[in-house]
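Residue numbers (our numbering), protein chains in the order written: chain A, 1 to 275; chain B, 1001 to 1269.
Derived from the structure by calculation, the hints contain no laboratory data. In this text, a Cβ means the ideal position worked out from N, Cα and C, and glycines have one as well. Be a bit skeptical, because a hint or two may be false.
What the hints assert, rightly or not - Which bits of chain B does chain A cover? Going by a derived footprint, with three or more residues having C-beta under 8 Å, they are:
{"hint": "1", "region": "1051–1062"}
{"hint": "2", "region": "1208–1219"}
Unchecked claim - Only part of the chain A face toward chain B is listed, based on derived beta-carbon distances under 10 Å:
{"hint": "3", "residue": "152"}
{"hint": "4", "residue": "156"}
{"hint": "5", "residue": "219"}
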Amino acid sequence: MRIDEALEIISLTNPGMVRSHNEDSVACDAACGLAVLADGMGGYNAGEVASGIAVSVVATEICQRLQEASPIERDEESGDELGVALLRDNIRKANISIYQAAQSQPQYSGMGTTIVAGLFYDNSVVVGHVGDSRMYRLRDGVLETITRDHSLLQEQIDSGMISIEDARLSKNKNLVTRAVGIDADVVPEIHVHDVQLGDIYLLCSDGLNDMMEDEDIQSTLYAMQGNLPLAAEQLIQQANDNGGRDNVSVILVKVKGEFAASRGWLAKLLNWFGK
Amino acid sequence: MAAKLILSMDGVVIKEYPLAKERMTIGRKAHNDIVIDNLAISGEHAAIVTILNDSFLEDLDSTNGLDVNGVATKKHFLQNNDLIEIGKYKLKYINDQVSQTSAADFEKTMVLRAPVRPVAPAGESNLSQTQINPSMATEVERTGRFGVPPAAQAAPAPQPPPVQPAAQPTSAAPAPQAAAAPQAAVVQILTGPNAGKELELVKNLTTLGKPGVQVAVLTRRPHGFFITHVEGATHPSVNGQVLGDQPHQLQDHDMIELAGIKMEFYFKG
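Next up, chain A with everything else stripped away, as it sits in the complex (with noise of 0.2 Å):
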């Protein structure tokens, strides 16, 4: 099955009911399998202007290597899947981008943002992520994070400092340690997972787990897994009514189809001309 037919992807943002403005960007590409969200951080419009850059820059870039090379290649210099290559490299591309924009112009000082993607192909996710935007997955019923903050209280949690219920009483929440365009490099995150028939990835950004339970993001999903858009917007109102004192924006991805990629000779050969 094609990527396009065997994925359905919505994507939702709102400022939220404090902020006058919307930091966070989304974009998704269901032709090249690809989800990407951004929290940006910074004053004035410059968070703005920091989940733009990488959003965009991690979307197009993708996209249009993928209309000519498949992500199952090998790539050259890291010796890694072309899709697993392409998101960390454009992830640190995007870095590049703000960091040098935020050098250059005095408003932009600062500037940075998080990140979490996805890039579906050949029956499995390629999750890339910096800061505390969260991928998770809905699998028989079952929510679970697939991505780990790289924040101050999950460094704590990690330590065994702070135990998972007591951070949720911790006054150090939104410090993340790792941010896209902050410094001159970034490491992203990245892991391969294999995808099921039926499962829905959410992407968000913090103003949807910190104004709302896991549990009730696994309910929501659950009831209303037979209709995205609703979900979606379910998930943005809940968050909005317990007081959405953050953007929130969710990308939600179901997986109505396989997506194997083609291997045989044929198109081995025709790759190979291809080029």
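Once you've looked at the hints, dock chain B against the given chain A.
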């Protein structure tokens, strides 16, 4: 304002100690930051590690131990007004700075640059870097924070939701509710195999039907309860009127019909 400890004995305040350092020790010996010269206190009795706005209390293997709010404790994440008892002495922890929840500026995401990364107290392993720590990964799985999968409900007859005693989904939310929850409400099933059963609408979202087949949801919002058609051939009707795709606000004693099953919505109490 930094958090502080107020040392007292027999209800008399002895001294206040601002938690100005990352690590402060409490003990009998003179080199401690908080010296309590009493034989019931160990030389180095306890330490308080403060990371930005959070403070953690740790017993340094003292002879007589310590209590927090009346419970013997080795390690504790301090909350405003916690009372630490060491021998006859009491230390009250005060951290009454406005929490981020009401100070919009505070809440903005900020980047913590590498040099600012906190250092774990001596004798403890350093805070892990952001790489995944395998032992913690299993810990997260074990604690099962997302609970069990929602029980599949038989279609088309709605059944009571999985029993959740005194479930108050909003009270445990990381942030306080901005708006008061609406009054309690119930849906009573009037026809079909489950006739007579009551569904208490204690959750933000109650599902009627079976996902993949026929679903409507009842949502609880600050200003009331709504019914929304999600999927399936049949749209629910309220008081005989078939609903569209938009949420419909429910009034007291509304009659809902979904896939041949009639039920009544009403407010409780």
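Hint check:
Here the region 1051–1062 of chain B counts 5 residues with a CB under 8 Å from a CB of chain A, which clears the bar of 3, and the coverage holds. Note: the region 1208–1219 of chain B has 5 residues with beta-carbon separation from chain A under 8 Å; the three-residue rule is met and the coverage holds. Taking 10 Å as the C-beta contact cut-off toward chain B, the hint placing residue 152 (chain A) at the interface holds, the least distance being around 6 Å. Checking residue 156 (chain A) against chain B: minimum C-beta separation of about 7 Å stays under 10 Å; hint holds.
A least Cβ separation of about 5 Å between residue 219 (chain A) and chain B falls short of the 10 Å threshold, and the interface hint therefore holds.
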